[in-house]
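Peer 1: Listed below, chain by chain, are the residues.
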Amino acid sequence: MTASPLIGVLALQGDVKEHELALAAVGARTTRVRTEADLAAIDGLVIPGGESTTMSNLAIRLDLIDPLRAASKAGLPMYGSCAGMIMLAARITDARPDQQTIGGLDVTVRRNAFGRQVDSFEIDLDIPAVGSEPFRAVFIRAPLVESVGSAVEVLSILDHGSAADTIVAVRQGVRLATSFHPELTGDTRIHELFVQIVRQH
Amino acid sequence: MAGQDAVTGTSRVKRGMADMLKGGVIMDVVNAEQAKIAEDAGAVAVMALERVPADIRAQGGVARMSDPDMIDDIINAVSVPVMAKARIGHFAEAQILQSLGVDYIDESEVLTPADYANHIDKTLFTVPFVCGATNLGEALRRLTEGAAMIRSKGEAGTGDVSNAVTHMRRIRGDIARLTSMSPDELYVAAKELQATYDLVAEVARIGRLPVVLFTAGGIATPADAAMMMQLGADGVFVGSGIFKSGDPVRRAQAIVQATLNFDNPDVVAKVSRGLGDAMVGINVADIPVAHRLEDRGW
Chain W
1 MTASPLIGVL ALQGDVKEHE LALAAVGART TRVRTEADLA AIDGLVIPGG ESTTMSNLAI
61 RLDLIDPLRA ASKAGLPMYG SCAGMIMLAA RITDARPDQQ TIGGLDVTVR RNAFGRQVDS
121 FEIDLDIPAV GSEPFRAVFI RAPLVESVGS AVEVLSILDH GSAADTIVAV RQGVRLATSF
181 HPELTGDTRI HELFVQIVRQ H
Chain E
1 MAGQDAVTGT SRVKRGMADM LKGGVIMDVV NAEQAKIAED AGAVAVMALE RVPADIRAQG
61 GVARMSDPDM IDDIINAVSV PVMAKARIGH FAEAQILQSL GVDYIDESEV LTPADYANHI
121 DKTLFTVPFV CGATNLGEAL RRLTEGAAMI RSKGEAGTGD VSNAVTHMRR IRGDIARLTS
181 MSPDELYVAA KELQATYDLV AEVARIGRLP VVLFTAGGIA TPADAAMMMQ LGADGVFVGS
241 GIFKSGDPVR RAQAIVQATL NFDNPDVVAK VSRGLGDAMV GINVADIPVA HRLEDRGW
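Quick note, the sequences are listed as chains W and E, same order. So in our numbering, spot 160 of the first sequence is number 160, and the numbers just go up one at a time. So in our numbering, spot 209 of the second sequence is number 209, and the numbers just go up one at a time.
There could be a bad hint or two in this list.
Claimed, not checked - Per label pair, the in silico range of CB-to-CB distance:
#, chain 1, residue 1, chain 2, residue 2, range
1, E, Glu-202, W, Ala-74, 42 to 50 Å
2, W, Asp-66, E, Tyr-187, 52 to 60 Å
3, E, Asn-118, W, Ala-24, 52 to 60 Å
4, E, Val-188, W, Pro-97, 56 to 64 Å
5, E, Thr-10, W, Asp-165, 21 to 29 Å
6, E, Pro-183, W, Arg-91, 50 to 58 Å
7, W, His-201, E, Asn-118, 53 to 61 Å
To be verified - Computed, partial: chain E to chain W, Cβ under 7 Å:
#, residue
8, Val-7
9, Thr-8
10, Arg-12
11, Gly-16
12, Asp-19
13, Met-20
14, Gly-24
15, Ser-79
16, Val-80
17, Val-127
18, Asp-277
19, Val-280
These aren't lab readings, by the way, just hints derived from the structure by calculation. A virtual CB, placed ideally from N, CA and C, is assigned to each residue, including glycine.
All chains, please: the whole structure from these sequences, using the hints.
Peer 2: Here it is as structure tokens:
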């Protein structure tokens, strides 16, 4: 692995730019992924925040869903935030029946688990894998992890009010996912973890 | 969801919601069936309203917030976010829309203004707001009032993209001028823009609005969408352009593809084929001044 890995950001829709800035801040090079050919050169892939219904729709329409699944099976490291977490989930609930995902992450994820936009929130989270400082996490129409397979490592649990014991960050090998949006806060520790995963891969 | 330390309605949560819509198309819909068509076509959100702007123009009368039952129907029909319009200054309509659970409120000049002096104090709401602007000063005044997203106004209901172009170029031009000013000139710039100094200084420093900037008002074809994206829009609102055209399903898909591939003329050319009739347009120049929407908002 080179010192500065090339990370693709899936650029169908969503906060692509914010992920590019966060990745650049931790020393990665970035490129936008919109076609199967774009997948060939990259060392890792970020699936940004956005609308998962739309992202899935566009990935299918652009014949990108199968190449993405193949890349995942071949072991390409992937990180998904919010809609990206939904895209990586093996199983989803509260979605349109025709919504497809890339899969690869052995979790069941519930879309819009906290309610509508008025219920979106920010909060300090403990994520021991990235250090002891609390992580300011922004949840926007966010999904949550309902259940995880045995190979999945839980990185963070939200423990507040009605959302007690909610899993909001997970890792399974080279796959990483968060319900929230570290790309919106300027705290680059999650991106740093992902780039480290890519480097060690 | 309300833990002790969870904070809702923050600027980051409101502006971040708009970030999630970037690169997408937000479509006007008047019922659940249209909302489904829009979602199937790849719309990133839908705007629920009672009449599309072209019909408001044709039928006249006072245009108001939509019937809550209709908004409920649309919320229940789709999984993408649902936006709805309130009249400029009509904070009670906005309160109702927030209570209905819409994901974004458009304080819109397309509806008949309720207040000819004041806009809604959007800082008082948990739900985020998008507002129209024809220039940078107007955009910054809306941000000070709490808007979390801006759209260039254009001239809704016309199918004439010229005002959208004018407004987008003006906003971008105003920003470019600020970035070339020395710090001591920004005080006067703030006065001239009728905007707060802090916001003016921030825009001068970052070279863009601190929120997402969509385009709206007159976009009717894939080429219109591609042009507006190339002019610097983060995404596109399409109103009458889809459901007033000959083949809404194909046109909706085509505008989504053109917005995504705005920098690839081969794709835009391909999706522009076989769309049937575009909406019948009205030249902005033929609209009596009193009926132009761009002057609504202050």
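Peer 1: All the hints need checking, so say for each whether the structure fits it.
Peer 2: A quick look at each hint next to the structure:
no. : hint                                : in the structure
1   : E:Glu-202 <-> W:Ala-74: 42 to 50 Å  : holds, 44 Å
2   : W:Asp-66 <-> E:Tyr-187: 52 to 60 Å  : holds, 57 Å
3   : E:Asn-118 <-> W:Ala-24: 52 to 60 Å  : violated, 42 Å
4   : E:Val-188 <-> W:Pro-97: 56 to 64 Å  : holds, 58 Å
5   : E:Thr-10 <-> W:Asp-165: 21 to 29 Å  : holds, 24 Å
6   : E:Pro-183 <-> W:Arg-91: 50 to 58 Å  : holds, 55 Å
7   : W:His-201 <-> E:Asn-118: 53 to 61 Å : holds, 57 Å
8   : Val-7                               : holds, 6 Å
9   : Thr-8                               : holds, 5 Å
10  : Arg-12                              : holds, 6 Å
11  : Gly-16                              : holds, 5 Å
12  : Asp-19                              : holds, 4 Å
13  : Met-20                              : holds, 5 Å
14  : Gly-24                              : holds, 5 Å
15  : Ser-79                              : holds, 5 Å
16  : Val-80                              : holds, 5 Å
17  : Val-127                             : holds, 5 Å
18  : Asp-277                             : violated, 24 Å
19  : Val-280                             : violated, 29 Å
Of the hints listed earlier, those the structure fails to meet are numbers 3, 18, 19, in rising order.
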